[in-house]
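*Asks:* Residue numbers (my numbering), protein chains in the order written: chain A, 1084 to 1408; chain B, 10 to 335; chain C, 75 to 430.
There could be a bad hint or two in this list.
Distance condition first, Cα-Cα at most 30 Å in a straight line; then the derived DSSO-like pairs of lysine-lysine [claimed, not checked]:
#1 C:K118 - C:K258
#2 C:K260 - C:K118
#3 C:K168 - C:K107
#4 C:K168 - C:K196
#5 A:K1296 - B:K41
#6 C:K258 - C:K196
#7 C:K260 - C:K235
#8 C:K168 - C:K88
#9 C:K409 - C:K421
#10 A:K1296 - B:K29
#11 C:K107 - A:K1142
#12 A:K1144 - C:K107
#13 C:K88 - C:K258
#14 B:K29 - B:K89
#15 A:K1296 - B:K96
Read the hints as simulated data drawn from the structure, not as lab findings.
Since the model is a prediction, treat every value here as computed from it, not as a measurement.
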Amino acid sequence: MKHGENMAGALGAQDSPLDLDDLGEELFEEVPRGDSGEADRIVRPCLTYWQDAWLRLRKNKIAMIGLGLLAFYIIMSLVGPLMVSYDFRAIDEAQMDSGPGPLHWFGTDTLGRDMWARVWVGARVSLSIGFLAASLNALIGVCVGGVSGYFGGRLDMAIMRLIDVLSGIPSLIVAILVMVVMGAGIAPLVIAMIIVGWVGSARLVRGQMLQLKNQEYVLAARKLGASDARIIFRHLIPNTIGLILTNVTMAVPYAIFNEAFLSFIGLGVQPPAASWGLLARYGAQSFRVAPWQLFIPAFFISTTMLSLYLLGDGLRDALDPKLRS
Amino acid sequence: MTAEAARAAAAPLAEARDLKLYFHLAGGAVLKAVDGVSLSIAEGRTVGLVGESGCGKSTTGRALVGMYEPTAGSVLFKGKDIGSLDKAERGEFARHAQMIFQDPYSSLNPRMTVGDIVGEGIDIHRLYAGRERMERIWELLGLVGLAKEHANRFPHEFSGGQRQRIGIARSLAVEPRFIVCDEPISALDVSIQSQIVNLLASLQARLGLTYLFISHDLSMVKYISETVCVMYLGALAETAPSEELYERPLHPYTQALLSAIPIADPRAERARQRILLSGDVPSPVDPPPGCRFAPRCPRAMGRCREAAPELRDVGGGHRVACHAVG
Amino acid sequence: MPNSEAKGSRAGSKLIEVEGLRVSFSTYGGTVKAVRGISLSVSKGECLAVVGESGCGKSVTAQTIMRIIPSPPAAIEGSVRLEGRELLTLPERKMRSLRGSEIGMIFQDPMTSLDPTMPIGKQITEGLREHDRSVSRAQARERAVEVLATVGIPEPERQLKRYAYEFSGGMRQRVVIAMAVVCKPKLLIADEPTTALDVTTQAQILDLMRSLKDELGTAVLLITHDMGVVSNMADRIAVFYAGEVVEEGRAEEVFESPAHPYTAALLRSRPRLDRDRNQCLVSIPGSPPDLFAPPPGCAFAPRCGLALEICRRARPAGFALGESHAASCWLYHAKALARHGAPSRGKLEMEACRDR
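Generate the whole structure from the sequences, applying the supplied hints.
*Replies:* Below is the structure:
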């Protein structure tokens, strides 16, 4: 029995800077009992939910690329048309169908209109319709899905059946019907997109409500006497916002695509306004002669959608409360 | 003293009388979660409710704070049936009967600061405002061993034990008299469990609280409670003062439960005689008639499968529900 | 009562030897040093219990022995030897043939260890035939029935066709145990095998595991946080804290004379059923350290009531307290012993946490 013998190998290696063969006596003094609060102290700085989410998003390079690209496009949509002297509607018969060059950076279309200006003016329309439609869908979806999920029972069943019916209707048919009734244009386009489009976020929010309303903190709030309104606004919605934001971000590309498609088939944005879909429509007509007229708007549509998906993916991870360290 | 006050003073603080909670499942089956439970908790005391999964202890606890409405039977608070209270009394009951939950990771809203979480009860009932409110919140945090600085932080920055303390502070904010602790330590590490248990005991001494301590951990329940009630599949098997239950367990289930609990002492542990039950705890859906424990009971007789035994007094505050006893 | 000195003599019957194991994970928030230099060994036929609370590294250690931790992103250093063979550098193919046949593993949640889409009979026979191609279907089926009977499943023939969801928790865990022992492994690693079970079911499962160990001579590495379960099964104990082994010894030694303040506090923080209500429960204030940035000295020092100056500066080595008992604590350094004497049980328990 050898007390104090140093079995360096048996219980683990050590990596201290002290010289273990010559430890000073003072090292074996008892440490005076200090504040025990030290054991409870929190070391890391305090971050709100949004600060934490932003830091996490920043670390995700791919999401940041998406965000950067999107921001770039938004800025260009505002500034781009101002960078050239041409008006996007100005017809120039001398310059019809000319390819990209020093005069016209993106070339011109069949009527000699500057593509650069048209692309960026079109960006304004496409992006704003996309964000608007996605946000309206989310807003309606949150209200309907929230009420349905929280209150449950017959109300929930009725709403779910309505959602089932609406999901079954092809959205294109709805869009055509709306256009027939209201005529073509931006407002009917947005209306057509939201009539059926809110269903996805309603389902999502309802699912989240069903899950959250049985969480113990909701039960605790109820036990303390919280009213339904307080529970919905202080407990359920703040914990759903992350999901909603991600959902909106992922819904925008879908809305942009819808607008592009409907404009492409002639039902959406009408001339003289410009949108990427409309540009693609004209571009397709002169595809053999001037392929850039189709490629350029198509390129912007695709890269915008891609950047939004990348950003949305990153947001989903950044906003997930479970992944907080 | 009015007749009503006299009645309230003499009665136990919280009581369940032949409480039944049945849930109807899809497909017509009936889940008899609680099937005729009667127990009472005197003011300032701790009663422990122990049992394995599916025995209905959590459901009983929730019914006692008014979270579930009884299918049959009654829940009484200060001598009055809570189903017959008027609006004002109902509000008072809701404040005075509080609950501490099991999972420290889902019992706090991750988007609220600790200060707001603890202060929620204060806000809902408008007990304090402004500076006073903040001071009351600090006071509550101090009561559970946390610091003022913690009020600005978020739940995810705290450990399980600290979160449970925040949950305790939250329920203390409305100045309750009776607290149902529903498995408050099961999700915590062993060395933290004793922190919380010691905290609960000291709070009881300081504030005169009354507890119903629900757990599957009989060692802890016996330690913290004066009286222990053992539940099995929705019914009470046995109830007695803690020491008495350990020394003279009469119900075969209690005996098996006690013998199954390992003791942290190798020599004692290996010398023990075990009573091993056959099979697992069955599901509480559509139970067979007669005593719930009969299928696994080493002492089951014919009578046991015909009629469920009543809870009978055998003296000294000890009651057993078993045909083979007394 | 098992005589661990005869079986576990340090001479040559070591089945598993872990030396200087270090495991780190790189995550969003930094590098987590989950295991910070542990060494332990399990002898043939012996049960070593690894005890510790959440985050102490016990599960990670077990999973590293089984090589089921993907190695990037984890960084693994050190050595794990099975009967002299180094496992950490073994090619995956060879490791696969070891798993199941020489080392069996039981996890905490039986529902995730069993494939919900395959009848249990098939899961057992598949495991058998994977490790021994010469076994025919009929033979494998017979063996499966045998092993199900051994683990106490009634009417094993009929149960072969059943799916996992048709069994209750305790029965499922028995099936998992059957799968783990069907190839008669030399070592069984059980990671919290009874934590998810009711206490009466737990007693049955522990009983089963003990009898299997005695019958088959399997060594068991039992990972748990429950000291009661440990005292039921273990021959030797290793106490983990913050990724290190803080104490190690025979079960009786550690329970009766715990040397490390953490072990002493842990033993006193649970109420004993056979003691009255006046027993005092020790509670250790604070929480285990953040493994993103473990403290430079002893990991337990911030919570320890007996801390010395050196405890904050340097990590203690293991100090022998007997032939088989060792503790990683500066209190047992020659100079500390000379100055303060060996800490008594009373002092350890009462002072193992600050201001009780």
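*Asks:* Now, for every hint given, state plainly whether the structure supports it.
*Replies:* Checked hints:
1. With a CA separation close to 13 Å, the supplied pair K118 of chain C and K258 of chain C stays within the 30 Å bound.
2. For the proposed pair K260 of chain C and K118 of chain C, the alpha carbon gap of about 8 Å is at most 30 Å, so the pair holds.
3. Simply put, K168 of chain C and K107 of chain C have alpha-carbon atoms about 28 Å apart, close enough for the 30 Å limit, and the pair holds.
4. Taking the CA atoms of K168 of chain C and K196 of chain C, the gap is about 23 Å. The hint holds against a cut of 30 Å.
5. The suggested pairing of K1296 of chain A with K41 of chain B holds, with an alpha-carbon distance near 24 Å, which does not exceed 30 Å.
6. Note on K258 of chain C and K196 of chain C: the hinted pairing holds, with a Cα-Cα distance of about 18 Å set against a maximum of 30 Å.
7. The suggested pairing of K260 of chain C with K235 of chain C holds, with an alpha-carbon distance near 28 Å, which does not exceed 30 Å.
8. A C-alpha spacing of about 21 Å is found between K168 of chain C and K88 of chain C, which places the hinted pair at or below 30 Å, so the restraint holds.
9. This hinted pair checks out: K409 of chain C and K421 of chain C have alpha carbons roughly 19 Å apart, not beyond 30 Å.
10. The straight-line distance between the Cα atoms of K1296 of chain A and K29 of chain B is roughly 25 Å, inside the 30 Å bound, and the hint therefore holds.
11. Restraint check for K107 of chain C and K1142 of chain A: the C-alpha separation of about 21 Å stays at or below 30 Å, so the hint holds.
12. Between the alpha carbons of K1144 of chain A and K107 of chain C the distance comes to roughly 25 Å, so the proposed pair stays at or under 30 Å and holds.
13. For the hint linking K88 of chain C to K258 of chain C, the alpha-carbon distance of about 18 Å falls within 30 Å, and the restraint holds.
14. Under the criterion of a C-alpha separation no larger than 30 Å, the hint pairing K29 of chain B with K89 of chain B is consistent with the structure, at around 18 Å.
15. Our distance criterion of 30 Å between C-alpha atoms is met by K1296 of chain A and K96 of chain B, whose separation comes to about 25 Å.
Every hint, counting from the list given before, is met by this structure.
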